[in-house]
Structure formats: C-alpha cells, structure tokens
Amino acid sequence: MIWWAAIALFQQTIALDIPSKNPNTSEADVAAGRKLFNGRCAGCHGPAGEGGKGANLAVPRLTRAQEDRALYRVIRYGVPDTEMPASLMDAHEIWQVAAFVRTLGRVQSAAVTGNAANGASLFKGKGGCIGCHTVGLEGGRSGPALSGVGARRGAQHLRAKLLDPSASVPENFRMVQITTRDGKTIRGQQLNEDTFSVQLRDGADRFHSLWREDITAITSERKTPMPSYKGRLSESEIDDVVAYMASLRGDQ
Amino acid sequence: MRLLLFCALTLGAQVTHERLLKAEREPHNWLTYSGNFAGHRYSPLNQINTSNVSKLKPAWVYQTNSLQKFETTPIVLDGVMYITESSSHVTALDTKTGRTLWRYRRPMPDDIKVCCGQVNRGVAILGDLVYVGTLDSHLIALDAKTGAVRWDTNVIDYKAGYSITVAPLALKDKIVVGIAGGEYGIRGFLDAYDAKTGKRAWRFYTVPGPGEKGNETWANDSWKRGAAATWVTGAYDPDTNLVYWGTGNPGPDWNGDVRKGDNLYSDCMLAIDADTGKLKWYFQFTPHDVHDWDATEVPVLIDAEFRGAKRKLLLFPNRNAFYYVLDRVTGQFLLGKPYAKQTWAKGLDDNGRPMRNENTAPTVQGTVVFPSVGGANNWYSPSYSPQNQLLYIAVREAGHIYYFGEAEFKEGEQYNGGGFRSIPGEPEWGAIRAYNPTTGEAKWEFKMSSLPFSGVLSTAGNLVFGTTAEGQVFALQGDTGRLLWRFQGGGNARGNAMSYMSGDKQHVAVTIGNSLYAFVVE
Numbered sequence: 001m002i003w004w005a006a007i008a009l010f011q012q013t014i015a016l017d018i019p020s021k022n023p024n025t026s027e028a029d030v031a032a033g034r035k036l037f038n039g040r041c042a043g044c045h046g047p048a049g050e051g052g053k054g055a056n057l058a059v060p061r062l063t064r065a066q067e068d069r070a071l072y073r074v075i076r077y078g079v080p081d082t083e084m085p086a087s088l089m090d091a092h093e094i095w096q097v098a099a100f101v102r103t104l105g106r107v108q109s110a111a112v113t114g115n116a117a118n119g120a121s122l123f124k125g126k127g128g129c130i131g132c133h134t135v136g137l138e139g140g141r142s143g144p145a146l147s148g149v150g151a152r153r154g155a156q157h158l159r160a161k162l163l164d165p166s167a168s169v170p171e172n173f174r175m176v177q178i179t180t181r182d183g184k185t186i187r188g189q190q191l192n193e194d195t196f197s198v199q200l201r202d203g204a205d206r207f208h209s210l211w212r213e214d215i216t217a218i219t220s221e222r223k224t225p226m227p228s229y230k231g232r233l234s235e236s237e238i239d240d241v242v243a244y245m246a247s248l249r250g251d252q
Numbered sequence: 253m254r255l256l257l258f259c260a261l262t263l264g265a266q267v268t269h270e271r272l273l274k275a276e277r278e279p280h281n282w283l284t285y286s287g288n289f290a291g292h293r294y295s296p297l298n299q300i301n302t303s304n305v306s307k308l309k310p311a312w313v314y315q316t317n318s319l320q321k322f323e324t325t326p327i328v329l330d331g332v333m334y335i336t337e338s339s340s341h342v343t344a345l346d347t348k349t350g351r352t353l354w355r356y357r358r359p360m361p362d363d364i365k366v367c368c369g370q371v372n373r374g375v376a377i378l379g380d381l382v383y384v385g386t387l388d389s390h391l392i393a394l395d396a397k398t399g400a401v402r403w404d405t406n407v408i409d410y411k412a413g414y415s416i417t418v419a420p421l422a423l424k425d426k427i428v429v430g431i432a433g434g435e436y437g438i439r440g441f442l443d444a445y446d447a448k449t450g451k452r453a454w455r456f457y458t459v460p461g462p463g464e465k466g467n468e469t470w471a472n473d474s475w476k477r478g479a480a481a482t483w484v485t486g487a488y489d490p491d492t493n494l495v496y497w498g499t500g501n502p503g504p505d506w507n508g509d510v511r512k513g514d515n516l517y518s519d520c521m522l523a524i525d526a527d528t529g530k531l532k533w534y535f536q537f538t539p540h541d542v543h544d545w546d547a548t549e550v551p552v553l554i555d556a557e558f559r560g561a562k563r564k565l566l567l568f569p570n571r572n573a574f575y576y577v578l579d580r581v582t583g584q585f586l587l588g589k590p591y592a593k594q595t596w597a598k599g600l601d602d603n604g605r606p607m608r609n610e611n612t613a614p615t616v617q618g619t620v621v622f623p624s625v626g627g628a629n630n631w632y633s634p635s636y637s638p639q640n641q642l643l644y645i646a647v648r649e650a651g652h653i654y655y656f657g658e659a660e661f662k663e664g665e666q667y668n669g670g671g672f673r674s675i676p677g678e679p680e681w682g683a684i685r686a687y688n689p690t691t692g693e694a695k696w697e698f699k700m701s702s703l704p705f706s707g708v709l710s711t712a713g714n715l716v717f718g719t720t721a722e723g724q725v726f727a728l729q730g731d732t733g734r735l736l737w738r739f740q741g742g743g744n745a746r747g748n749a750m751s752y753m754s755g756d757k758q759h760v761a762v763t764i765g766n767s768l769y770a771f772v773v774e
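Chains A and B, in that order, are what the protein sequence lines are. Sequential numbering of the first sequence, starting at 1, is according to this note's numbering. Sequential numbering of the second sequence, starting at 253, is according to this note's numbering.
Quick caveat, the hints were computed from the structure, so don't treat them as lab data. If you're wondering where the values come from, they're calculated on a predicted model, not measured in any experiment. Glycine included, each C-beta is placed from N, C-alpha and C at the ideal position. Don't take each hint at face value.
As the list claims (entries may be wrong) - Covered stretches of chain A (chain B as the covering partner; in silico rule of three or more C-beta atoms under 8 Å from a C-beta of chain B):
id, region
1, 35-47
2, 58-66
Said to hold, decoys possible - For lysine-lysine, the following DSS-like pairs were computed, each having C-alpha atoms within a straight-line distance of at most 27 Å:
id, chain 1, residue 1, chain 2, residue 2
3, B, K465, B, K448
4, B, K512, A, K35
5, B, K532, A, K35
6, A, K184, B, K562
7, B, K562, B, K695
8, B, K465, B, K274
9, A, K223, B, K699
10, B, K309, B, K348
11, B, K397, B, K348
12, A, K21, B, K411
13, B, K424, B, K564
14, B, K309, B, K699
15, B, K465, B, K532
16, B, K512, B, K598
17, B, K662, B, K411
18, B, K411, B, K309
19, B, K532, B, K512
20, B, K662, A, K21
Start from the sequences, fold in the hints, and give me the full structure.
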C-alpha cells in the first residue's frame, strides 16, 4: 500500500519514535549498510562517499546531518526540492546505511588541488560565471545560486560540470519557448507547470504565467545555457575554479 | 424537484437499509462512500450541468486543523454533512454554511503504526448512528445528532501494526469494515459488526490459516505475516447478497522469496456472503505479487450486455495496469486488458492469470518496471455514468525502479523487503479517460501533466469532476472530455468528489490540500 509514500514522506514528519542515537552500529550493521549504500546511494555519492551528483559524504561534519537523528531523517525523507530522494528502506536498514555513512567521515577525502583564491577571480573575470550565478549578494540569476555548492556537490562532479555542462542537467530543468495566441514569443526558464498553465522567467528576469489555451506553440528542452569551459579555461584554471566552488559551503 | 420534496418529507432521520438500497431515489443525499452500493460514484443531480458549470464558485470552505492528507468522502444526510479528519476525528457540518454542528475528537496514542500518513477516508451511516474506523483500530458508533459515542469496539491490537483508514460500509443490520497495515506483516481480514451493539458478526481472514484452503499457497509459516489488507471500501449487491471487497498486496512487499507460492487471498477480489462472512468466490489478479500492487481499488457493479448476453458484471481498473471485467455471480473472468503502460506481463491467459515477462522481479541493483508502485490506479474511485454508459478512470502513467532487500520480521515494524524510486528522465503523467465498460476501449482522454492522487465523480449534468496533484479541481464534459471549468484550491488534492443538494442548490464537494470545498452555481 506504499504507493504515495515517496511524496508523502517529503510532506510529513510523522511523529515517529526515532531514537537519538543509532541503535545499529555493529560491524555486521556497517557491512550490511555498505551493501545497501552501493545499491542505493553510490550512484550519486560515489562508492566511497566522495561525492558526485550527490554531496561529498566523506567529511567529518555533514551539514544537514550532524546528529544521528538528523542523518536518519535525511536518508528517510530526502532533502525536499533537491535531487536527494526519500528512501523506503525500513528503519533497521536506514540505521545500517547511516552507520556506514558515519564511517565515511573518518576517511580522508581526496584533497582538492588548485588555488581557490585564483578560482574566485576567474569566476568573476575570465570565466564570466558571475554573469549567470550568484555567490552571496553578487551575480546574475539565469543559473542557480552557487553559495553552498561545495556542500551539495562533490569536486569531481563540479569539474565535470565545467567541462561538459549538458551531461548533468537536473531532471526538472527546462528552457521553454512559447508562442502566444496574440503572436508574442517568450523564452525563458520554466519555473512551474501543471495541466492548465505554465510559469517562466525570461532573460530579463520578468515573470510570465500563461494558460495553456492561450499558447499556440510551446517547445520545452532540458538543455542548459551554460557553456562548456573545455578549452576556454586551461587545465589549471579549471582546477582553481573547482577549488573555489568546493570552498563554497555557506548559506544553506 | 417534486421527487426531492417528497423524499425529504416522507423520510425521517433514520437511515434504513431500504434507503441505502435505493440511494438514487434521494439524490439530494450521499449516503454511502461511493454514493450507492454498486460503487458508481455517480450523482443523478443535474442542476449543475454543461451549460452553467463555468459559473461554479465556492459556497464555503472548511479548513481542517491538520497537515496530514485529507482524503475523506463526505456523507450527506438531509442537510447535514459528516466528514472525517486526521487522525480519526469526525465532524458534522451544516451543508448550507459549512459551519460545525458537532465534533468528535478522538485522542490518539503516539505509537500508532501507519505506512502512508494518518488518514481516514470517511464514515458510514445507518439508523441514527455514524460509524468511523480509527488508526488505533477501533470501530466506533457515534450519535448522528450529537457526536456522542454510543459504542466503541476494539477490532484488533494496533500495536502489532494494524490500523483502520477505510470508510466502513453499512448494509442490512451490519457494519462491514476492513483493516490496513500491509507494510507491517499483519494478517489481513474483513469484519462485520452488529450495527446496534458493536458485537462482531463475522470475520473473514484474507490469509487462510493451517488446514484451510489456500494456506498451501504460502511457503513455511509466511502466511502469519501475509498482509492482504482490506483498506478500501467495497461494493454490495442485494441480489447475490455478496459483499465485493478487494485485498492488498502480500507482505513483505518486494521480497517474494520468503513467501513462495501464489499467496492467496492477496491481490484478490473477494465475494463474501453478507450474512455469514463465508467466501463465495475469489479472483486473484496478481498471484505472488512482488511490486506492491494491492487490488484495493473500488469495484464497480453494472448489469450490461456482454458478448450478446445480459450479465451481472464487476468492473475493476487494477493497480497492476490491467482492466478486468468479471461475472459477479460466479467470479468468472470475462475480459482483461492493459489500460496504461505496463511491462510486467505479456498478457492474461484465458483464466485471467498473468503471463509474466522475464526479469521483472525487484533486484538488489534495481529493476525498471511499469506501472509504478502507486499503480495505474489506486484507491482513487472510478465513476460509472449510466447516462453516458461510460466508466471514467483517473489513470496514472509511470514506472519505478524496484529494489529487492532483506526481509526480517519484527512485530510492529515495517516489513517491506526492498524499496523503489522513480526512473531518471522518465516523465510521469496522468489522464482522465472514458472507457466503454464492457470492451475496455477508451473513448476519450483528458491529459494531465502529472500523476493524479484522487479519483473522479460523474453526474447527470453530463459532467466529470477530477482533481490534480497541483491543487486544481476541474470539470469535463462527460461524453467528450472537453474541459469546462477549473479552480485552484491550493494544495495536493487527495480525495474523491461527491455531490448533494443543500436547500434547492446542488453542491459539489471535494477535499483539496487541507480544505474541504463545496461549490455551487450562484
């Protein structure tokens, strides 16, 4: 009967008795947790938790999961509005995975080479990233804010994003072009849609909302406007920008 | 109008079995979960129709005090509406103003076990009592005039993982009620209670015990935790005197290795004698289910010509993505065909048994299968319009990646043996479709951009009402599927609509988000 759980779990925090300390931390639990992790989590977090599409878990302090109970909740309910999904393992399995995740924090993750300070100036200067991304108070809005990107993505994934941005566009990212009944053309990033309407933000940051019956043509592409930096930035400049982004762990 | 007036005057407050049998004679009321015993969810009212539905407006909105899913179908009796609210509360509302007449608030222990939210789908009414099943597995009779508890029966110990979310079904002198808890390794059953006293009249175990027929379809002692819950209201036919009730998936959900065999009577349609609780026939849709495809949809009963002969039929849009037509006297399989994308079966054989495709069972790495865990339909009511002779279904088009996991049983804890997640890059969408009930052919489709989590209502105004996960309620023309009206209600809609008269005005009521809306044409 679990059909709606995937969504329900995002929506509700049922008052369950979640113990404050992980009750399943034996060696056998960690081994079972590793197996589950390989099947369910490694695709995003990497087999050693080094991070990828998902956050680097091989760190001593998980921003969203400092206490055991918080870790349990993140694994069980996911992180709403991100790619971190809810999971439907039973309580026992969740604790086993949590036990394994905690062991990851004790291994050294591969150090990020590159000069973050130089990366910061490339970000604003030669790279032109700031035109599309905000960090803190500064920047453009066509791409997502990168203030906390180092906490939510692994370094390898960040590097891959620079070299081949179209390889990892989020599931729900859509650039749309709409022709309206009165002959106007609107292009922009889709913010929302449903059976009856579409909402978007155009290149000049204006919001638009249209009923479907007022739309005569709509094309919708999961295609990123972000350019590839392969060849545009040197190898070592890429390293620097990656180091800078990996250092952005704030404001979550 | 004359007919309505006549009914209102001659029928008192007492709801008799005769009144429930002839529910269509008093369309100003809505007396059972599905509007009639046949599971039609059809209102014979036509004051709201294709010519004026575009002017539909909220008459009132009732906000519940809970952030849990709001799934109730209101019961309406002579100007009073009875609803349930999370966790297991009952409220009587004035249908004209939406103001509260009385409230029953049930204290709930902290350690109730629910897989999927603290929900309740509605009350039943009989005599001068209103009946509610609770999450701590009690069946309670309340005074329809005051909300006072008249009797309170403990159905079973909730601590072992049992709960009640279903709207009970009142018939003759009994209250039939099912159980939830399929994710907790329970042993399912269907019960009937004496409506006046609350004493149990019969219990039918949906998982047969040792020595009983069907027990051999469970390896070892797996029957003890076989689940086959009964969490969606069934139908009743006074001619056969049979109660038709669907059963849920076998437990654990995704690990079938620990329960080899067909696992009767999980994922079945059961036909049970209303007086004795004895099984007359059963039909199993998904033998040895490993995808959590409960057959807990609402059965729809119609009498119609089937391949040249007039027959008593049972229509069933199953969660496993096949549409079934059964003979409801004998249980004979008559027709079965896919009504949404499915990849798990080549088809059904002459007896309706699925011919499974290879490699569709959950694995540790994950197996992609259509439909999704939620299925092509779920507890979301279909609707049958005798006016258009069409069956309307809110269809869900999606698949999932199914995982196999270890299954270790501990009483009171979830017993799943795996999990699932969505398929990256695969769109999930929905549609309201109108089907020829005897052939299963679709006549029209209204596409929706996401999966619906609610069913449909049809009315004699040639209308079909549905809702979306984004919070809209909308009306389609019944014979064509054309969109005629919509309204944004502000939250994921999780209930099935119904209709009634308050004074001389037809209302359409439905839950959206945490509110119950009643719409009228001003």
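To see whether the hints hold, each was checked on the structure:
1. 35-47: It holds: at least three residues are needed, and the region 35-47 of chain A offers 4 whose Cβ sits within less than 8 Å of chain B.
2. 58-66: violated (count 0)
3. B/K465 to B/K448: violated (33 Å)
4. B/K512 to A/K35: holds (25 Å)
5. B/K532 to A/K35: Distance ~47 Å between B/K532 and A/K35 Cα, so the pair is violated.
6. A/K184 to B/K562: Distance of about 57 Å is beyond 27 Å: violated.
7. B/K562 to B/K695: Measuring from Cα to Cα gives roughly 22 Å; hence the hint holds.
8. B/K465 to B/K274: violated (37 Å)
9. A/K223 to B/K699: holds (25 Å)
10. B/K309 to B/K348: holds (14 Å)
11. B/K397 to B/K348: holds (17 Å)
12. A/K21 to B/K411: holds (23 Å)
13. B/K424 to B/K564: holds (21 Å)
14. B/K309 to B/K699: holds (24 Å)
15. B/K465 to B/K532: Satisfied, since the Cα-Cα distance of roughly 13 Å is no more than 27 Å.
16. B/K512 to B/K598: holds (22 Å)
17. B/K662 to B/K411: holds (12 Å)
18. B/K411 to B/K309: violated (44 Å)
19. B/K532 to B/K512: Within the cut-off at roughly 25 Å; holds.
20. B/K662 to A/K21: holds (20 Å)
This entry does not satisfy hints 2, 3, 5, 6, 8 and 18, going by the numbered hints stated previously.
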